[in-house]
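S.K.: Each chain is listed here by its residues.
2 protein chains.
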Amino acid sequence: MINIPSTAQKRIVIIGSGFGGLELAKRLRKSNYQVVIIDKNNYHQFQPLFYQVATSGLEPSSISFPLRKMFRDYDNIHVRVTEVESVDTQKKQIYTTIGELDYDYLVIAIGADTNFFGNENIQDNAIPMKSVSEALYIRNSIFEDFERSVTTPDYDERQGLIDIVIVGGGPTGVELAGALADMKNFILHKDYPELDTKEIDIYLLQGGDCLLKGMSEKASAAALKYLKKLGVDVRLNTRVTDYDGEFVSVKGGDKIRADKVIWAAGICGNKLEGLPENTLTYGRRLKVNRFNQVEGFTDVFAIGDVSYMEEEKYPQGHPQVAQVAIQQAKRLAKNFSCLVKEKSFEPFSYRDLGSMATIGRNLAVVDLPRFKFQGFFAWVVWLFVHLLALIGTKNKIFVFLNWLWNYLTYDQSLRLIIRPFIKKNKTKHKNEAT
Amino acid sequence: MINIPSTAQKRIVIIGSGFGGLELAKRLRKSNYQVVIIDKNNYHQFQPLFYQVATSGLEPSSISFPLRKMFRDYDNIHVRVTEVESVDTQKKQIYTTIGELDYDYLVIAIGADTNFFGNENIQDNAIPMKSVSEALYIRNSIFEDFERSVTTPDYDERQGLIDIVIVGGGPTGVELAGALADMKNFILHKDYPELDTKEIDIYLLQGGDCLLKGMSEKASAAALKYLKKLGVDVRLNTRVTDYDGEFVSVKGGDKIRADKVIWAAGICGNKLEGLPENTLTYGRRLKVNRFNQVEGFTDVFAIGDVSYMEEEKYPQGHPQVAQVAIQQAKRLAKNFSCLVKEKSFEPFSYRDLGSMATIGRNLAVVDLPRFKFQGFFAWVVWLFVHLLALIGTKNKIFVFLNWLWNYLTYDQSLRLIIRPFIKKNKTKHKNEAT
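Residue numbers (numbering that gives the first Met the number 0), protein chains in the order written: chain L, 0 to 433; chain V, 0 to 433.
A portion of the hints provided could be inaccurate.
No copy labels: a pair is met if it fits in one copy or bridges any two.
[Said to hold, decoys possible] Calculated pairs, DSSO-like style, for lysine-lysine (alpha carbon to alpha carbon, straight line, at most 30 Å):
| hint | residue 1 | residue 2 |
| --- | --- | --- |
| 1 | 189 | 68 |
| 2 | 342 | 39 |
| 3 | 393 | 68 |
| 4 | 395 | 286 |
| 5 | 68 | 227 |
| 6 | 340 | 393 |
| 7 | 68 | 228 |
| 8 | 254 | 286 |
| 9 | 189 | 329 |
| 10 | 395 | 183 |
| 11 | 342 | 250 |
| 12 | 90 | 395 |
| 13 | 393 | 25 |
| 14 | 9 | 183 |
| 15 | 329 | 286 |
| 16 | 333 | 91 |
| 17 | 25 | 39 |
| 18 | 9 | 189 |
| 19 | 395 | 329 |
| 20 | 25 | 183 |
| 21 | 227 | 270 |
| 22 | 254 | 422 |
| 23 | 217 | 227 |
| 24 | 189 | 25 |
| 25 | 68 | 183 |
| 26 | 39 | 183 |
Derived by calculation from the structure, the hints in this document are not laboratory data.
Make the full structure from the sequences, and use the hints.
M.R.: This is the structure we're talking about:
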């Protein structure tokens with residue numbers, strides 16, 4: 000059993016410390032509830048910058064923040080690091096790897112994971128990028144393969160080692176492709192004189208007919224233009240059908256040889272056992288009403304990527320982005336205080352603050368509700384917005400200094416292949432995937 | 000075969016990019032030799048600060064530096080990342096995981112690894128700290144165990160999780176114990192309100208009768224005083240006989256329960272197959288003459304921790320410290336240029352510049368040839384010496400800022416358990432221990 004002191008306060012259990020879960024816990028810091036926030040990691044990870052970890056521009060620690068540090072001054076907030084396996088909505092209990100826990104209110108904020116659309120080949124061979132650990136793995140893989148390529152005389156084999164295929168033309172795919180192109184253009188020829196870096200091909204394969212679907216036409220057009228300018232081989236209307244670890248097969252029969260395929264083509268909600276099937280909908284998201292109550296429940300809530308809410312303006316549900324999660328968390332926190340005051344809940348409605356993506360050095364696209372712009376100014380805006388969104392003063396300072404340094408030196412300097420040390424017999428420290 | 004362009008230049012192959020190998024390669028940058036520097040990592044690691052990585056004060060990247068970046072501007076230097084398996088001194092070839100390589104001169108700078116003195120139990124269960132990966136593993140283990148302890152009602156079991164035993168009273172053990180004590184005193188009670196941090200015991204077990212053997216009596220006395228002041232349970236004349244993963248057994252029958260035992264009790268030279276047995280001496284070091292030539296060879300050299308050289312002033316050989324490796328590298332570089340000028344070698348003699356160790360916040364001991372001092376001033380000196388010794392301007396800046404931040408906030412902020420992501424079927428990216 001997870002030992003949390005039992006108090007007179009009602010207990011809210013939040014599963015997940017992403018943008019939604021974290022915002023909610025923060026808003027409840029001074030509330031009259033006992034809050035238990037549970038995550039399998041002891042830190043919050045800032046997803047929008049994973050691609051910079053993967054391309055050795057930032058350290059994981061710069062975009063991660065320890066949960067305990069965040070809540071250390073608040074007696075009503077309790078942090079537990081464990082994996083939640085299932086929930087019993089009758090008993091109002093959750094079951095974790097370190098025991099069960101009672102709740103009065105449950106908030107499911109477990110986010111989404113990579114969606115391989117059921118293709119096991121791709122799942123086994125492609126690399127996802129939904130955690131700092133996976134981003135670090137990508138970094139290591141890229142540089143291990145470059146090192147290997149230096150002593151690989153066979154042309155085709157070498158191509159497989161140095162070429163990189165990114166599947167998915169959303170923000171993740173676009174930003175990763177741009178960062179890799181910058182690395183190729185500014186750094187690799189210096190680091191690997193033995194390599195003809197012109198031979199390095201960066202592919203961005205997009206099933207649809209445009210990049211950054213969901214953003215403005217101007218934005219996706221600019222993104223396409225920028226990426227081509229950086230030398231990325233962007234292929235639209237190119238649906239990947241298979242990947243055996245050596246060759247990427249695309250619809251139409253084309254094949255691309257690549258040892259590294261980074262899969263950013265889709266997400267689906269993370270799973271929590273114990274909820275009725277009918278609560279699940281498209282993309283394995285949990286159907287919620289305008290109060291974020293999971294269909295059929297008054298004491299079980301879902302927010303962020305794992306939830307699916309329809310409103311007039313969003314008949315197909317909200318986009319799965321940080322802003323929705325954060326705004327839902329804020330609304331839910333307010334509703335919890337309504338509960339205390341015995342006032343009735345207010346419905347959530349999403350306010351689109353706009354969206355942005357960076358393509359590379361001095362290149363970004365920004366869509367604001369009022370106006371849309373691209374290029375250098377957009378890039379500066381992108382930098383500031385992300386800097387401010389980061390948690391922790393130290394992270395802000397260190398990320399800013401890293402960016403400044405990398406910008407001035409044209410050099411992401413963290414090209415280290417730091418392989419994990421594993422103590423085979425210490426199963427309790429098993430290095431499971433996160 | 001490792002493809003290195005063959006030139007008219009004689010080829011010097013350096014195995015290892017520690018203090019010795021790196022210094023030598025640097026000194027040969029503008030020489031008339033072709034230099035191949037080989038390491039199993041693609042970076043140089045700054046050993047003196049491993050303990051700060053283990054105690055979440057620094058990121059691995061701050062004390063590691065990419066080899067390729069260091070030598071990118073020098074055509075006669077070639078970097079290869081691979082493990083050297085053996086050498087054939089007849090054929091003048093080395094054999095690595097990526098093929099063989101011819102040499103005209105071979106320099107063995109492979110350093111030393113943890114010495115478990117043949118005790119397999121200890122080897123299987125204790126944690127070494129001779130690489131950044133191992134240091135990271137210690138960091139993860141410490142915080143995984145703290146998290147686990149929070150939900151462990153059983154007292155003895157909890158003690159096992161939160162107590163930490165360090166074996167070995169040399170600089171590594173002393174500095175690690177001090178840093179852990181600082182963490183206990185300044186941070187843990189804030190991060191883990193559920194824990195009675197007074198229950199956390201940090202043991203430092205030393206077989207001999209003093210700490211920091213090799214330094215002055217004043218220094219070891221001060222180190223002992225400081226550690227006790229910080230609350231470390233220092234036990235002298237305490238030889239560890241066994242560790243089964245749960246209990247540490249010490250000579251005399253005493254037992255200490257601890258899930259984590261960090262082994263800093265000794266080192267022995269790393270192994271390179273293919274050299275005659277008679278070249279090995281105590282501590283698995285390679286016997287070398289005053290020119291660092293391995294006994295019986297004129298074209299095979301050894302420098303640093305893996306070498307054993309006697310001089311008048313050091314009849315039992317030199318201490319295995321960075322300064323010896325660096326000075327031997329400098330001398331050897333000069334001798335290589337003597338070779339070009341057909342002048343004769345000059346013998347190496349070690350100039351002791353002094354030694355120092357930091358115990359904790361504001362506490363360090365410094366022995367200089369002329370005078371010895373302890374306390375705050377010693378601590379400042381320690382900081383500067385190590386800052387200057389770090390490689391890379393960025394590393395210097397970021398380490399300095401980290402130290403400043405940690406000093407002002409009383410907080411090493413990197414308390415993240417970032418578990419490696421492992422792609423099971425991708426054997427080529429197997430996360431082998433480094």
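S.K.: Next step is simple, just say for each hint if it's right about the structure.
M.R.: Comparing the hints with the structure gives:
no.: 1; hint: 189 - 68; in the structure: between (40 Å within a copy, 8 Å between copies)
no.: 2; hint: 342 - 39; in the structure: neither (34 Å within a copy, 65 Å between copies)
no.: 3; hint: 393 - 68; in the structure: both (13 Å within a copy, 27 Å between copies)
no.: 4; hint: 395 - 286; in the structure: neither (36 Å within a copy, 52 Å between copies)
no.: 5; hint: 68 - 227; in the structure: between (43 Å within a copy, 28 Å between copies)
no.: 6; hint: 340 - 393; in the structure: neither (38 Å within a copy, 54 Å between copies)
no.: 7; hint: 68 - 228; in the structure: between (43 Å within a copy, 26 Å between copies)
no.: 8; hint: 254 - 286; in the structure: neither (39 Å within a copy, 56 Å between copies)
no.: 9; hint: 189 - 329; in the structure: between (48 Å within a copy, 27 Å between copies)
no.: 10; hint: 395 - 183; in the structure: both (27 Å within a copy, 26 Å between copies)
no.: 11; hint: 342 - 250; in the structure: neither (55 Å within a copy, 69 Å between copies)
no.: 12; hint: 90 - 395; in the structure: neither (43 Å within a copy, 56 Å between copies)
no.: 13; hint: 393 - 25; in the structure: within (19 Å within a copy, 34 Å between copies)
no.: 14; hint: 9 - 183; in the structure: neither (55 Å within a copy, 33 Å between copies)
no.: 15; hint: 329 - 286; in the structure: within (19 Å within a copy, 69 Å between copies)
no.: 16; hint: 333 - 91; in the structure: within (23 Å within a copy, 75 Å between copies)
no.: 17; hint: 25 - 39; in the structure: within (18 Å within a copy, 45 Å between copies)
no.: 18; hint: 9 - 189; in the structure: between (60 Å within a copy, 24 Å between copies)
no.: 19; hint: 395 - 329; in the structure: within (23 Å within a copy, 41 Å between copies)
no.: 20; hint: 25 - 183; in the structure: between (41 Å within a copy, 26 Å between copies)
no.: 21; hint: 227 - 270; in the structure: neither (38 Å within a copy, 50 Å between copies)
no.: 22; hint: 254 - 422; in the structure: between (40 Å within a copy, 23 Å between copies)
no.: 23; hint: 217 - 227; in the structure: within (15 Å within a copy, 66 Å between copies)
no.: 24; hint: 189 - 25; in the structure: between (46 Å within a copy, 17 Å between copies)
no.: 25; hint: 68 - 183; in the structure: between (38 Å within a copy, 14 Å between copies)
no.: 26; hint: 39 - 183; in the structure: between (35 Å within a copy, 24 Å between copies)
Hints 2, 4, 6, 8, 11, 12, 14 and 21 from the list above are not met by this structure, while the remaining hints are.
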